[in-house]
Structures are given as C-alpha cells and as structure tokens.
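Asks: Listed below are the residues making up each chain.
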Amino acid sequence: MGAPELGLVQAAIEANTPSLLAYFARRASSEDAADMFGDALLVAWRRAADLPADAGEARMWLFGVARRVAADHRRSQRRRSALQDKLVAELDAGKAAPTEPTDDQARAAIARLRSLDQEIIRLVYWDGFTLAETARLLDRPEGTIRSRHHRARQQLRAHLERNGLPRAPDSARATGTH
Amino acid sequence: MDEDDELGDVLRRSAPAVSEQAVESARLVARQSRGVSAGASPLGRRRPRWHVAAAVGVGAVLLAGAGSVTAYQLGVPPFQTLEEGLGRARVGVPVVYENSLGRTVECTAFIEYRDLDADQRAAVDDVAADDRWQGYGQRVLDDLNIPQAGPEAQNTAVLDVVAEDLWVAAREAVPGLSRDPQASGPRFAGWSASCAGPGGIDGRP
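Read top to bottom, the protein sequences are chains A and B.
With my numbering, letter number 8 in the first sequence gets 8, and the count goes up by one each step, no holes.
With my numbering, letter number 59 in the second sequence gets 59, and the count goes up by one each step, no holes.
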C-alpha cells in the first residue's frame, strides 16, 4: 500500500466518518454499530488500492464496504478498544435522547415495510443516496428500485395518514433522478 | 430529491441522529485504525489489525490518570496485587509522549501472563527491556495523528495501540503463546499500565 493510497483512504474516511457511523448506528445496536464501523475501516485500509480517486465514487465504495460488513456481521463477544467502548457509550446516550412522536411514527412505518423496501427508504431518506446510487449499492436494477420505492412510499403514506399525520401531496416523482 | 415533498421531509427528519460526541469518538477511532494498520509498532510493520485488545485479561488493570493519589500509588504495577496464577513482567515498557497540552506523559506498561516457566518469563522481561521501545510512545501518538484530541483521548488511543504491541512482543518472546483465555499452556493474560507524574495522563507541566 503506497503513501498516495493511504492518503486517499484517510481523506475518504475522514470525509465520510459521520455518514458511515450514522449508517451503522441507524441499523444496529450501539455495540454492533461500533464493531461494524471498525470492521469497515479495516476493510477500507486493507483494500486501499481499490479505492476510487473521485470523492463521490469513493463514498459509494465505502458504503459498499459498509453494506457487506453489515451483511456479514455476526454478533460476538469481541474485544473492543477503549475508544470503541467510548463510542458505544456515546451512541447509547444518543439513542436515549427523547425523539419527536412524528419521527417515531415514521420509523415504525418504515419498520413495517419489507426488508428490501426498508433499506431503499433508509438509503434514500436517511443516508441521502439517489435512487440510481441506491440501485448500485443494493446491486439491483434501477427500474426495480424505482418501482419498489414508489410502492413503499404509498404504503408509508397510507400508514402515516391512518395515524394522523397531515395529508401530504405525493408528487409520485421518483427521487434521485439526477 | 423530493424538494417539495412533505412525505420525504417526514422520512428524512425521522433519521435517528448521531451526536457530535459520537462522531468525534468515531473520528478518533478512524485515526486510530490508521495508526494500527500502518504499523506504529516498534516491532516492524504488521498485518492490519482492528480488534486490538485494550485490556484482554481478567487481571489487566488500567490505572492511567487515577483520581486518588493514594489509590493510584497502591495500584501501580508491579506493587498491585495479582490474582493467583497471574504473572506480570518485571520490566515495564516505557510509553512516553508529549500530549496536546504540551506536557510529558510518562506511562509504564506491563505484560501479564499465565503458565510461563522461568525461561519464558525471562524472555518476556528481555523483550520489554529491548531498545526498540526507545521513543515508542511518541511514535505511536505521532502515527495516530490526533493532535487536536484531548489528553484523555490521546492517552486512551495510545494505550489501545500499546495493548496490541504488547501482545505482539509477548508472542515474539514466547513462541506458541496464546491469548485465548480457555487455552492451556502459556497464555497472554493482558496488560496493565500506570501513568506517573502529578498530572497522570495530563502529564507534567
């Protein structure tokens, strides 16, 4: 691994640390999130030679790593560094903070979706990916992702309106067409 | 995307937030991961490892920056009482560095083990006394590249790397050494460290 590759990995990790951490924290317990965050970094360092130079592609690459790490993750009693323990405690503290009832309802509605649809919604609305990027990350045809996204939105709207959220006009416009 | 979409706004707002403190810790973890993977070790470059041991043994105690002077002094290795069957190197590894406050932090880290014979214990002492540890603590901190971190975070990060390096050194001294607590035979039981000086991990002015 050469110095330029190390520099690219470092820059990519630093730029994407908040979003990578959030990705894991929103999908797993604090312990698992800290473990997976560490695992993803290790993979990133190990595969530094594969990191694209373009910042946007590097982000996609890092999240591809993150997705594979999450898919392969198995809970285990493992050793953590003291900094990772601190990270777990701070993630726990954040999760204990009060949340808005509207947010709780939205999360509950997302949780009712099929697992693939949940992930589509999270990648688009929580992690900020376009539908095209989401399709790449999930390794699915973009058309499939668009149709599932559209259907998932309809289900979310119906569920949220049943629970008293104000009716919102759905433009039915697929997100992430850019 | 969905700029004028109320449902989209609701969904976006529902994303569980991650605190600034957690992100800051994650940044330190990320920098530490480079230090570990790049090989700050005095033992030469090594395969990248992530799951470094902080205190892997039952008997391992981290005493850096303890609050009470009395308790601190009583607990400083090698005076700290060890549980039966646990051994500790007689020679400590010096971990000295200048922290973000510009103060010198002087720590000593000790390898702990089980079921080592006299020759193996001597080998552990020898590796701890090796010249390779000269300037080690500063090299670790420099490689971590966390100049903005506070004294406590720097100390934690440094000792995380030390933990792994002590294991590597112990394994070099005692071939066949295991870190599996369930294993029979010679085992790496962890490590302990104390950071001396009136400031503890804050270092001496």
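Mixed in with the good hints there might be a few duds.
[Stated by the list, open to error] Within a straight-line C-alpha distance of at most 20 Å, the following computed SDA-like cross-link-like pairs (lysine to any residue) qualify:
1. A:Lys95 to A:Asp32
2. A:Lys95 to A:Ser30
3. A:Lys95 to B:Ala15
4. A:Lys95 to B:Arg121
5. A:Lys95 to A:Asp85
6. A:Lys95 to B:Val23
7. A:Lys95 to B:Pro151
I should point out that these hints are in silico values taken from the structure, not numbers from a laboratory.
Asks: With reference to the structure, classify each hint as holding or not holding.
Replies: Okay, the hints, checked on the actual structure:
1. A:Lys95 to A:Asp32: The given pair, whose Cα atoms are some 14 Å apart, holds under the 20 Å limit.
2. A:Lys95 to A:Ser30: Roughly 9 Å separates the two Cα atoms, so the pair holds.
3. A:Lys95 to B:Ala15: holds (12 Å)
4. A:Lys95 to B:Arg121: violated (46 Å)
5. A:Lys95 to A:Asp85: holds (15 Å)
6. A:Lys95 to B:Val23: holds (14 Å)
7. A:Lys95 to B:Pro151: violated (27 Å)
Of the numbered hints given earlier, the model fails hints 4, 7; all others are met.
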